[in-house]
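**Student:** Chains as they are written, first to last, in UniProt numbering: chain A, 1 to 345; chain B, 1 to 345; chain C, 1 to 345; chain D, 1 to 345.
Simulated from the structure, these hints should not be mistaken for laboratory data. Errors might be hidden in some of the hints.
[Stated by the list, open to error] Calculated cross-link-like contacts (lysine-lysine; reagent style DSS-like; alpha-carbon spacing at most 30 Å):
(1) A/K205 with C/K205
(2) D/K205 with B/K205
(3) D/K84 with D/K205
(4) A/K84 with A/K144
[As the list claims (entries may be wrong)] Sample of chain B residues with no beta-carbon within 10 Å of chain A, all distances over it, derived:
(5) Y114
(6) G142
(7) A166
(8) G208
Keep in mind the model is a prediction, meaning the values are calculated, not measured. C-beta atoms are modelled at their ideal positions from N, C-alpha and C, and glycine is treated no differently.
Below are the chains, spelled out letter by letter.
Number of protein chains: 4
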Amino acid sequence: MKTGRARASVVGGGGYIGGEVVRLLLGHPEVELAQVTSTRHRGRPLRSVHPNLRDQTDLTYVTDDEVEACDVVFLAMPHGASMKSIDRWAALAPVVVDLSADFRLADHELRERYYPGPAPDPMWLSRFRTGIPELNRDALRGAKHIAVAGCMANAAILALHPLAAAGLVDGPVLVDARTGSSGGGRTPDEGSHHPERSGALRMAKPHGHRHIAEIQQACGVPVRMSVTAIEAVRGVQVACHVTPSRPITERELWAVFRAAYRDEPFIRLVRERSALHRLPEPKILSGTNFCDIGFALNAAGDHLVVVAAIDNLVKGGAGNAVQCLNIASGWDESAGLSFAGLHPV
Amino acid sequence: MKTGRARASVVGGGGYIGGEVVRLLLGHPEVELAQVTSTRHRGRPLRSVHPNLRDQTDLTYVTDDEVEACDVVFLAMPHGASMKSIDRWAALAPVVVDLSADFRLADHELRERYYPGPAPDPMWLSRFRTGIPELNRDALRGAKHIAVAGCMANAAILALHPLAAAGLVDGPVLVDARTGSSGGGRTPDEGSHHPERSGALRMAKPHGHRHIAEIQQACGVPVRMSVTAIEAVRGVQVACHVTPSRPITERELWAVFRAAYRDEPFIRLVRERSALHRLPEPKILSGTNFCDIGFALNAAGDHLVVVAAIDNLVKGGAGNAVQCLNIASGWDESAGLSFAGLHPV
Amino acid sequence: MKTGRARASVVGGGGYIGGEVVRLLLGHPEVELAQVTSTRHRGRPLRSVHPNLRDQTDLTYVTDDEVEACDVVFLAMPHGASMKSIDRWAALAPVVVDLSADFRLADHELRERYYPGPAPDPMWLSRFRTGIPELNRDALRGAKHIAVAGCMANAAILALHPLAAAGLVDGPVLVDARTGSSGGGRTPDEGSHHPERSGALRMAKPHGHRHIAEIQQACGVPVRMSVTAIEAVRGVQVACHVTPSRPITERELWAVFRAAYRDEPFIRLVRERSALHRLPEPKILSGTNFCDIGFALNAAGDHLVVVAAIDNLVKGGAGNAVQCLNIASGWDESAGLSFAGLHPV
Amino acid sequence: MKTGRARASVVGGGGYIGGEVVRLLLGHPEVELAQVTSTRHRGRPLRSVHPNLRDQTDLTYVTDDEVEACDVVFLAMPHGASMKSIDRWAALAPVVVDLSADFRLADHELRERYYPGPAPDPMWLSRFRTGIPELNRDALRGAKHIAVAGCMANAAILALHPLAAAGLVDGPVLVDARTGSSGGGRTPDEGSHHPERSGALRMAKPHGHRHIAEIQQACGVPVRMSVTAIEAVRGVQVACHVTPSRPITERELWAVFRAAYRDEPFIRLVRERSALHRLPEPKILSGTNFCDIGFALNAAGDHLVVVAAIDNLVKGGAGNAVQCLNIASGWDESAGLSFAGLHPV
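With the hints as extra help, turn the sequences into a complete structure.
**Tutor:** This is the structure:
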């Protein structure tokens with residue numbers, strides 16, 4: 001990178017993930033926000049779409065064609081769009097951070113099954129590093145192309161990976177995921193219409209969610225996943241029901257999680273006695289890059305529930321992307337990610 | 001009407017008001033639901049759109065063209081559609097209950113100002129009776145064509161009419177209306193998208209709302225109206241800020257309201273000491289045809305707040321329509337409208 | 001019972017379940033509400049606690065000591081209170097319907113484990129019939145003492161019983177229950193404080209919930225249960241994760257559920273193609289006595305998710321109690337339970 | 001102040017305002033958080049009460065008696081407590097920032113009327129400067145004792161002061177205030193119980209709210225105020241209905257507001273064409289120190305609605321307190337207050 005601040009552009013800044021990347025970059029000490037694209041909103045100020053950006057920037061949206069050379073480009077486009085245009089972005093910027101699913105799955109079979117459309121160019125696929133700092137920080141140092149994990153997948157992977165890596169997981173894990181409405185993106189439809197979506201408890205996807213592919217790839221254990229839309233805008237919580245592969249104690253489990261995450265800046269192990277805060281909840285994480293993780297083992301020791309919560313747009317997307325860029329660039333890993341969250345909220 | 005149950009059809013039964021008419025008619029002792037139209041959902045069972053109708057009816061949607069002769073037809077179409085097609089519906093059924101704004105405004109000038117589009121045929125306009133039982137019950141007896149009041153207008157009229165009729169209102173009244181999302185209808189748009197609409201406190205219309213016309217027509221006092229979209233699906237509350245035309249006491253005000261509404265089956269005057277239930281709130285009214293009314297006079301006696309709450313889809317639409325039909329048909333005025341509401345909720 | 005309407009009294013009518021019994025009895029064609037008790041609110045009108053009862057009754061609360069002889073008494077008291085006072089209520093009324101857990105568990109061992117406090121008198125325990133019409137309607141005919149099921153237990157039992165009875169359930173079932181705040185009752189505490197409870201996704205009980213005992217007793221299969229408090233006032237949803245005991249098809253499963261529930265007035269099997277209404281949700285059930293049940297089998301046929309939804313205060317309590325009384329009394333089983341629910345809501 | 005970071009202690013850090021002061025100070029570049037008091041939670045880590053503070057601090061609560069000498073003390077106690085103990089805090093720290101109402105009202109008559117309890121020592125009262133940077137920044141420079149404004153009062157004052165100062169306000173202003181549940185503080189009661197408070201639209205205070213005193217003192221115009229509790233945890237919105245004292249245009253109004261707030265770091269004038277963001281809403285302000293202000297003038301020019309929105313715990317309390325301290329201490333006025341808010345949320 002050049003001296004001075006890195007110039008970063010965001011492709012797809014009219015959407016929710018893109019808007020969140022913009023928000024984080026505007027507060028990032030090492031980055032200067034260069035350009036933000038939105039075909040639909042071209043020429044309008046960013047604040048007209050994201051009112052939280054009032055007085056934060058004077059930028060107006062440009063089209064994708066108007067993006068100029070810069071130091072890093074974030075791609076926040078629908079699945080399938082990044083793989084089509086990757087040559088162009090890579091030509092404009094030495095570092096590309098992709099927030100779509102296009103370059104997440106190295107395993108051809110998994111990708112075919114869960115994303116049956118066109119496949120990415122294998123050369124490009126091999127260049128992308130998986131954007132999960134807690135699992136592959138070393139691979140991210142100096143990385144030029146980063147594929148950030150999916151929101152529910154990231155939460156489930158962070159909940160399960162230490163156990164899976166320690167060989168403590170027997171048979172299929174049930175990932176019960178609950179998600180707010182922002183995960184569905186910016187485009188209104190019947191399911192997102194407020195009178196229908198408000199107060200929902202909607203298990204639209206009881207089986208076979210795409211994020212299974214990422215979780216299995218990262219953890220190496222078979223996964224079943226049920227996804228329920230809940231009354232929230234932001235937030236993902238996963239309750240992972242695990243059968244331990246051998247008798248185990250809570251103390252041992254704490255040791256496993258502590259060893260895995262002791263030095264992680266954005267993982268917090270939750271261990272409260274009071275029922276009010278006993279296990280992680282997403283609401284206090286809104287706007288933060290934290291993943292809170294806790295667990296409960298039943299008395300018989302044969303049913304372990306690991307619960308992880310994140311803000312789906314931050315640790316489940318834009319924040320994780322910035323954390324990856326920080327590592328790739330050799331900056332303070334927490335740069336631009338200092339917001340600690342609110343209570344009450 | 002013929003002997004036996006009256007056969008009723010609902011035009012526009014895919015929408016929220018139309019669906020509510022269907023729900024009420026299915027539980028009505030004097031009515032048999034004949035046909036329900038929805039161009040978009042033609043051939044599909046009603047429950048596929050309104051899941052509360054599971055096991056309540058086997059009807060499937062028909063198109064408007066398929067509606068047959070019956071005893072009464074309810075029109076739950078967008079504003080402007082009823083006036084275009086009224087000849088046809090009137091030919092099919094001796095009684096037509098219209099839930100749009102098309103035939104509400106007798107005053108030409110008010111209508112021009114607030115509904116600047118095409119005007120209804122004056123002959124038809126003169127035939128329609130205003131569907132507000134508390135104000136013109138006698139006119140509704142035997143009525144053949146009924147124009148049901150608008151949701152916020154109805155609440156404001158019921159709050160203000162007794163005072164206005166008694167000459168107690170000085171100068172313009174400020175109607176501060178708060179409304180849930182179902183009032184915006186069934187069609188998704190950016191403003192109804194859950195991530196945007198959730199938690200809203202959105203004064204989209206600080207001045208000049210169309211319902212002013214109805215309130216002024218009914219009450220004969222100048223009205224200012226600010227409308228705020230709030231976090232709710234159902235429910236309208238109006239807080240009417242009134243300057244009394246002369247010094248007045250709470251006792252006198254109670255006497256005025258009691259005289260006006262003593263025998264009304266669906267008006268409840270609210271007078272609780274506890275702050276928890278001191279003034280009307282919409283949430284306990286969901287599904288009911290009640291309008292709860294209460295008020296508070298300041299110590300100086302120069303600022304009176306009258307608060308009314310309704311379910312916008314029931315007393316603000318479908319329930320009021322059924323009440324009007326009950327009166328017109330000489331049935332028990334409360335027939336089909338017995339649900340009393342829930343607590344807590 | 002005497003000729004004329006049965007006189008019914010409600011003990012504990014200041015609480016949420018008791019208030020709901022009151023609401024239902026006030027609309028019941030065979031019942032006259034006699035007395036309602038609340039020590040705390042003695043002398044106050046019922047509407048001061050339950051504002052939905054405005055204009056529905058002129059009754060004021062009496063104390064438990066003031067209850068007079070009547071035809072049926074409903075007990076809506078905290079767990080442990082019914083067993084202490086049962087002699088007295090049984091002396092006052094030939095029919096006693098208890099909504100607490102006191103007489104639900106015939107299995108001594110299960111009761112000891114999940115309700116370790118004082119045990120009910122075995123004589124009284126043996127007299128009580130389990131209040132689950134779908135499982136033991138015959139036993140309820142003419143019953144004098146009825147123990148109504150717990151809210152989450154009832155939903156889970158209705159979801160699982162047909163499968164368990166058909167021998168289709170292998171190994172422990174995971175019941176993932178989600179519950180609104182009204183299930184916690186009327187007394188404020190830190191966990192029910194709005195700023196803390198709002199937007200919650202709180203797995204306060206990941207293991208060992210008391211309702212396991214009832215589910216196991218009714219279904220005869222081992223149960224694991226995780227309970228999550230969600231953002232809702234009313235409503236319980238259970239997602240029951242079942243491993244089928246043998247390869248099975250969706251068609252066979254439908255046959256099993258249809259055979260079990262074909263003639264049930266309050267069970268609705270849900271089978272929608274659209275994701276919007278694919279599986280049951282509680283919100284459209286508020287105020288109704290329905291239990292909506294649906295399921296999804298994965299492609300491999302080894303993971304079955306059965307989803308049931310109810311209003312925890314109605315089919316999970318007061319409504320089920322009234323349904324049981326209707327059967328016991330030989331009345332129309334649906335009497336007083338006709339409300340069909342709202343959409344949107 | 002000494003060299004190095006200023007040591008700050010927070011009295012009443014178990015409550016919501018106190019917790020918010022703690023959150024802001026932990027991210028403040030010029031401040032070191034010294035001690036936080038809570039009699040009830042003594043000895044427990046701060047995160048056990050405020051889970052957003054996980055990993056942010058190792059401090060545990062101390063009692064008020066254990067507070068040691070420091071550079072600044074924030075008082076976040078119930079009204080009446082600060083005036084009783086002010087001597088002690090002033091002896092411990094050269095700078096005292098009080099968040100209660102005790103030292104807000106210089107006008108004896110207003111205070112007597114709205115806060116009829118014991119009065120503060122006149123000597124102390126005269127020492128306190130009003131904590132509203134936009135109105136009296138100069139007075140705050142070097143201030144030792146600061147009385148931070150009330151939440152709804154602050155929003156209304158910021159909305160009205162420019163107009164009042166320009167002589168543009170005729171007669172009484174109606175301040176229609178809407179407030180989330182966190183404004184009621186940490187102690188559960190019947191009104192804050194989730195099943196009762198959820199979905200509320202509760203005008204518990206239609207007249208005579210205490211904040212009137214502050215608004216009148218600051219703006220010099222008579223005020224009427226109606227307060228409605230709405231479904232939200234954080235957030236205050238005021239809609240101020242003003243009759244202009246002379247014919248005026250929107251252009252002139254913009255000029256007045258721009259002149260008043262052009263250089264203010266935390267006031268944002270909102271002027272969007274789209275209905276979605278036309279006037280300020282609190283939800284995007286959660287966690288921020290912004291006050292968003294917008295207005296709408298009716299066509300006749302005789303009804304002006306000025307709308308202001310804030311986070312009641314930040315610009316309506318803790319954030320405003322930190323901003324005042326920044327000014328008093330000669331630091332960057334925005335230090336510690338950089339969070340810009342979220343969208344969607």
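**Student:** Determine for every hint whether it applies to the structure shown.
**Tutor:** Verification of the hints:
1. A/K205 with C/K205: Within the cut-off at roughly 24 Å; holds.
2. D/K205 with B/K205: 24 Å, holds
3. D/K84 with D/K205: 28 Å, holds
4. A/K84 with A/K144: 18 Å, holds
5. Y114: Non-interface label on B/Y114 holds, nearest chain A Cβ at 25 Å vs cutoff 10 Å.
6. G142: B/G142 clear of chain A: closest Cβ-Cβ about 36 Å, beyond 10 Å.
7. A166: Nearest chain A Cβ is 38 Å from B/A166, so the label holds.
8. G208: Consistent with the label, B/G208 stays out of reach of chain A, its closest Cβ about 23 Å off (over 10 Å).
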